[in-house]
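Q: Chains as they are written, first to last, in the working numbering: chain B, 2 to 97; chain U, 289 to 760.
Rather than coming from a laboratory, the hints here were simulated on the basis of the structure.
Owing to the predicted nature of the structure, the values given are computational and were not obtained by experimental measurement.
In this text, a Cβ means the ideal position worked out from N, Cα and C, and glycines have one as well.
It is possible that some hints are incorrect.
Now the stretches of chain B that chain U is said to cover, found in silico as 3 or more residues with beta-carbon under 8 angstroms [what the hints assert, rightly or not]:
#, stretch
1, 17-25
2, 68-81
3, 84-93
Distance ranges between label pairs, derived from CB positions [stated by the list, open to error]:
#, chain 1, residue 1, chain 2, residue 2, range
4, B, V67, U, E578, 16 to 24 angstroms
5, U, E609, B, A74, 32 to 40 angstroms
6, B, V67, U, E722, 52 to 60 angstroms
No farther apart than 30 angstroms at their CA atoms in a straight line, the calculated lysine-lysine pairs in the BS3-like style are these [said to hold, decoys possible]:
#, chain 1, residue 1, chain 2, residue 2
7, U, K540, B, K41
8, U, K756, B, K41
9, B, K6, U, K535
10, U, K369, B, K25
11, U, K525, U, K620
12, U, K669, U, K532
13, B, K41, U, K669
14, B, K25, U, K620
15, U, K697, U, K757
16, U, K697, B, K25
17, U, K525, B, K6
18, U, K369, B, K6
19, U, K535, U, K525
20, U, K689, B, K25
21, B, K41, U, K655
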Amino acid sequence: MRLSKAEVEHVAWLARLELSDEEKQRLTGHLNEIMVHFEKLQQLDTNEVAPTSHSIPVQNVYREDVVGQCLSADQALSNAPEARDDYFVVPQVVET
Amino acid sequence: MLKARKVSSVELARAVLERISAVEDKVKAYVTIVGESALEAANAVDEKIARGEEISPLAGIPTAIKDNMCTAGVLTTCSSKILYNYIPPYSATVVKRLIDSGAVVIGKTNLDEFAMGSSTENSAFFATRNPWNLSKVPGGSSGGSAAAVSADEAILALGSDTGGSIRQPASFCGIVGMKPTYGRVSRYGLVAFASSLDQIGPMTKDVTDTAILLNAICGKDPLDSTSVDLPVPDFTKALRNDVKGLKIGVPKEFFAQGVRSEIADAVMKGVELLCSLGADFRELSMPIMEYTLPTYYILAPAEASSNLARYDGVRYGYRSEHSPDVLTMFAKTRQEGFGAEVKQRIMIGTYVLSAGYYDAYYLKAQKVRTLVRQAYDEAFKEFDVLISPTSPTVAFGIGEKVDDPLEMKLADVCTIPINLAGIPAISVPCGFSEGLPIGMQIMGRPFDEETILRVAYTFEQNTEYHTKKPLL
């Protein structure tokens with residue numbers, strides 16, 4: 002199993018991660034090296050095994066449906082790279 | 289001492305701040321130091337004592353917080369460029385609980401970026417150094433917390449442990465570090481790395497301090513739905529110098545995979561000491577352990593790639609300038625903001641979760657995780673605790689493993705299985721090699737922190753390794 006540069010570019014796009022050519026090359030190498038080790042798991046027969054997504058059996062955690070404290074608009078915006086009025090500002094999305 | 293007014297909280301805070309001034313240039317444990325607010329908090333404790341009010345055992349104690357736990361009004365960077373300017377408007381539940389107990393927060397400690405790494409060299413800001421030998425790493429990712437406690441730049445510290453990030457640096461720096469059972473401690477306000485594996489825990493000079501700190505941070509938190517609603521015992525009551533009749537299992541697989549002979553010898557001497565005090569030990573085999581490293585390196589990046597999707601430059605943190613459109617802004621922000629290790633893990637995680645590969649990698653790893661947990665359940669039917677080395681080696685040199693991602697990941701081979709199973713484990717100092725500390729790992733049944741604390745305490749009471757200090 003070998004990952005091509007094109008596949009690495011596709012995965013980077015899925016992850017919304019721009020990569021330089023040098024990064025693409027390095028990551029292709031590293032990922033291929035690491036993926037080889039993942040193959041080891043195929044030695045195990047897990048057909049009858051249920052997956053574990055959590056180590057403790059916590060299910061259906063409910064609470065009363067009451068409004069609690071939450072951040073104010075000012076607090077929520079306090080770290081924004083750019084904000085105006087009560088909004089986060091991003092580059093224009095809608096074409097005019 | 290504080291209660292008896294032999295020393296005031298302010299004097300204690302000053303002493304720690306002076307120590308920081310004296311050695312921080314060499315150790316570089318802290319990203320942020322909050323001296324002024326520490327002195328104010330200490331003063332408030334002194335006033336309480338003067339009024340004759342009851343104080344908790346943590347009141348006035350200078351404490352360091354790993355810089356991936358939110359602290360209201362104080363920079364919380366995760367040692368990442370992407371959060372270089374982030375000042376949270378709220379505190380993590382653990383931080384709130386510590387402050388409510390009167391603990392004095394001294395500062396925020398350095399880590400591998402987003403807690404990804406085993407040496408604290410992956411910090412976007414600077415590498416922390418091991419107080420025992422400044423040319424060595426302090427371990428990671430809670431290397432800043434471990435170094436701060438070891439160098440007396442804090443009395444206590446909090447770390448977080450996803451694959452060994454509390455225990456391995458504790459081992460490298462000669463202190464005590466504990467990962468409680470998953471769910472014991474709220475993760476609210478901990479910047480998420482791999483949510484089903486992360487757990488916050490104490491890093492302290494001895495086992496007694498670990499029990500005291502654990503008392504303060506454990507318990508159900510309505511803000512974290514994965515925190516468990518179980519009674520929290522008084523962990524200090526578990527501190528008994530007694531292991532008579534206790535059954536210790538020594539899994540042989542934990543002594544393979546590159547464990548140095550001097551480490552194995554020191555740990556086995558520790559087991560023998562416990563046996564001379566009345567415990568019994570037997571070797572056992574847990575063959576599934578051979579598969580835990582690939583399992584972890586599929587699951588942790590998968591969860592990380594999802595958790596790190598929130599860093600897009602919109603609501604907080606770094607934003608790339610001059611982006612013509614939103615998608616370019618996301619991609620450039622993430623390119624410029626994340627370091628190499630984080631990018632690598634995002635890529636692995638995105639790949640193993642992507643269509644066509646999910647079953648072969650992610651689902652497969654989830655199934656192997658079940659087998660790991662089953663192996664522990666089986667072992668704990670017979671044994672009260674399991675003992676192993678914490679790390680296969682002592683602290684390695686700064687820069688030594690940076691270019692070899694697989695070699696670096698082997699540093700966590702003894703600690704990773706615990707996170708996959710969610711069980712508790714502690715690392716205590718058990719010897720030295722080449723002047724560097726060795727750690728012994730004691731693992732226990734889920735939610736039975738008390739037994740591992742008792743074993744650790746008994747070991748500590750009958751040895752002197754924890755009393756040794758680095759010369760700085």
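Q: The structure should be examined with respect to each hint, and the outcome stated for every one.
A: Status of the hints after comparison with the structure:
1. 17-25: It holds, with 6 qualifying residues against the three required.
2. 68-81: holds (count 6)
3. 84-93: Our answer is that it holds, as 4 residues pass the Cβ test (under 8 angstroms) against chain U, meeting three.
4. B:V67 - U:E578: 16 to 24 angstroms: Since B:V67 and U:E578 have Cβ atoms about 50 angstroms apart, the given range 16 to 24 angstroms is violated.
5. U:E609 - B:A74: 32 to 40 angstroms: violated, 25 angstroms
6. B:V67 - U:E722: 52 to 60 angstroms: holds, 59 angstroms
7. U:K540 - B:K41: Holds, at roughly 20 angstroms.
8. U:K756 - B:K41: violated, 42 angstroms
9. B:K6 - U:K535: At roughly 53 angstroms apart (the allowed maximum being 30 angstroms), U:K535 and B:K6 break the hint.
10. U:K369 - B:K25: Status holds; Cα separation ~21 angstroms.
11. U:K525 - U:K620: violated, 53 angstroms
12. U:K669 - U:K532: Status holds; Cα separation ~18 angstroms.
13. B:K41 - U:K669: holds, 29 angstroms
14. B:K25 - U:K620: holds, 15 angstroms
15. U:K697 - U:K757: Roughly 28 angstroms between the alpha carbons, so the hint for U:K697 and U:K757 holds.
16. U:K697 - B:K25: Between U:K697 and B:K25 the Cα gap is close to 21 angstroms, so the pair holds against 30 angstroms.
17. U:K525 - B:K6: Distance ~58 angstroms between U:K525 and B:K6 Cα, so the pair is violated.
18. U:K369 - B:K6: holds, 27 angstroms
19. U:K535 - U:K525: holds, 20 angstroms
20. U:K689 - B:K25: holds, 21 angstroms
21. B:K41 - U:K655: Distance of about 14 angstroms is within 30 angstroms: holds.
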